[in-house]
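> With the sequences and hints as input, model every part of the structure.
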Amino acid sequence: NAGVMQNPRHLVRRRGQEARLRCSPMKGHSHVYWYRQLPEEGLKFMVYLQKENIIDESGMPKERFSAEFPKEGPSILRIQQVVRGDSAAYFCASADRMDQPQHFGDGTRLSIL
Amino acid sequence: AQSVTQPDIHITVSEGASLELRCNYSYGATPYLFWYVQSPGQGLQLLLKYFSGDTLVQGIKGFEAEFKRSQSSFNLRKPSVHWSDAAEYFCAVGGNRDDKIIFGKGTRLHILP
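Each protein sequence line maps, in turn, to chains F and P.
Here our numbering is used: the first residue of the first sequence is 42, the next is one more, and so on.
Here our numbering is used: the first residue of the second sequence is 899, the next is one more, and so on.
Some clues are possibly wrong.
[Stated by the list, open to error] Listed next, the in silico DSSO-like pairs over lysine-lysine satisfying Cα-Cα at most 30 Å (straight line):
no., chain 1, residue 1, chain 2, residue 2
1, P, Lys947, F, Lys68
2, P, Lys959, F, Lys85
3, F, Lys68, P, Lys959
4, P, Lys966, F, Lys85
Please keep in mind that the hints were generated in silico from the structure rather than gathered at the bench.
For clarity, every value in this text was computed on a predicted model and none was experimentally measured.
Okay, here's the thing in structure tokens:
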């Protein structure tokens, strides 16, 4: 897990604020995935990105959520105008190829007041 | 549709006893199969994976899993559990043409002293 770095580990926001979650993949990995985990649920795929490109965002809510993976710097998952239902653990994973195992970060736990 | 079913939400075993966690999948092609473990407050750690070849796969921490195509199963086993094995275990399926992994809802393992 140490290879994929997510920050912050915990994030508290009030309803209507913006949340920014960051993910630095393992060295050499150009494939990044974001998942959301709710209590008593497994991980739900949100989005898959390669450098500067969104490959698959089929699991991402159509509004308020966006993701990017710029040429330089970490991948960012952005949630605008947060609501209580956005409270969850958000995990990032990376891989060096699409068909290789994904390595996970320790997650960001988002709490909405 | 692709799916993963972990029939047992909670499993309790005594320390030193054997363990089997069940996983059934639905996938339209040859699957890639994974077992991940998640300790509280942590991300997911890969225990083992099956891509092809020998259907009995050895993983870390003394775990193994067997791919049975006829039963669409990939059950996880350990001959003798330790208290440190208490965690949540996720089975997942993907494929060489897929950009995402589908996770089961997890099985939480409790260890009795």
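> Which of the numbered hints are not met once you compare them with the structure shown?
Going through the list in order, the structure violates no hint and respects every one.
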